[in-house]
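Colleague: Between the sequences and the hints, there should be enough to build the whole structure, so can you do that?
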Amino acid sequence: MELFYSAHFQGNNCYLEGDEALHCTRVLRHKIGDTIYIMDGQGSLYECVLTEISRGEAKAEIINATPGWGAHSYNLTLAVCPTKNNERFEWFVEKAVELGVDRIVPLIGDHSERKVYKTDRAKRIALSAAKQSLKAAIPDIAEPVSVRDFIRSSANGLRMIAYCFDGERPRLSVKEALASATPAAPQGASGIITPGVQQDASEISTPGIMQEHGALPDITILIGPEGDFSPEEAALALEAGFLPIHLGPSRLRTETAALAAVTAVYLHFLQ
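In our numbering, the protein residues as written are 1 to 271.
Hints are computed from structural coordinates only; laboratory data are not their basis.
Taking lysine-lysine and the BS3-like style, the derived pairs with C-alpha atoms no more than 27 Å apart in a straight line are: (1) 59 to 31; (2) 175 to 95; (3) 59 to 123.
Estimated spans, in silico, between C-beta atoms of each pair: (4) 118 to 7: 20 to 28 Å; (5) 121 to 226: 14 to 22 Å; (6) 123 to 227: 21 to 29 Å; (7) 172 to 146: 24 to 32 Å; (8) 27 to 7: 17 to 25 Å; (9) 121 to 173: 27 to 35 Å; (10) 263 to 64: 29 to 37 Å; (11) 84 to 143: 15 to 23 Å; (12) 175 to 56: 47 to 55 Å; (13) 28 to 164: 46 to 54 Å; (14) 2 to 121: 17 to 25 Å.
Remember, predicted model here, so these are calculated numbers, not experimental data.
Beta carbons are placed, not taken as given, at the ideal position from N, Cα and C, and that holds for glycine.
Modeller: Pasting the structure below:
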């Protein structure tokens with residue numbers, strides 16, 4: 001299945017513009033009358049029929065809409081310090097979107113080697129990865145923020161910080177932390193909504209102390225820069241209620257640690 005993205009909907013029609021229209025009509029050679037699938041970036045998939053093709057634009061009539069298409073049964077925020085090598089961070093963004101993440105927040109920490117990060121390219125990568133992995137929602141790529149500001153403004157839910165702590169503070173593995181606060185999906189259920197099945201993401205049942213009034217569990221994980229978080233940043237996170245965790249005995253690069261955290265959450269909810 002080939003997915004296209006549109007943010008332009010009007011009545012029972014949606015419009016492909018720019019590169020999306022060119023890819024649909026020039027590269028894939030779709031013609032009037034063809035059935036195509038368009039995602040809105042907010043979680044809904046639309047089965048459409050092409051009705052008009054013009055230079056730089058294509059118009060399609062909506063035949064069927066499926067909300068929550070390709071969604072998962074949790075709300076995951078990864079707050080990660082961008083790496084000195086920008087390609088490594090972009091690789092993380094792509095793979096995290098493929099697995100399942102809702103928000104990526106670039107952090108600027110005391111030990112960050114990269115103090116400035118522009119999000120334009122990461123947003124394009126997130127869009128491409130969402131389409132490739134058959135998801136109708138594009139994760140939010142937030143603007144960079146300092147570690148301290150993010151910690152102070154962080155919401156409730158299961159909040160974790162991956163930090164060495166040098167034996168000063170007992171740490172759970174990320175697997176143990178998830179199991180203690182967010183029980184896995186019940187037997188026979190899946191943490192992923194099956195493509196093509198009309199099911200709203202809000203209808204997925206995930207029991208556990210993180211879930212209130214049917215809401216999806218909120219999970220936040222902090223991953224530091226190459227030089228790790230500073231002791232002051234780590235102390236602030238603990239004071240704010242973040243749970244100290246580890247990702248195993250191996251010493252991981254920043255982007256590898258971040259992807260390992262995403263994978264742990266993905267597999268925890270997968271049945």
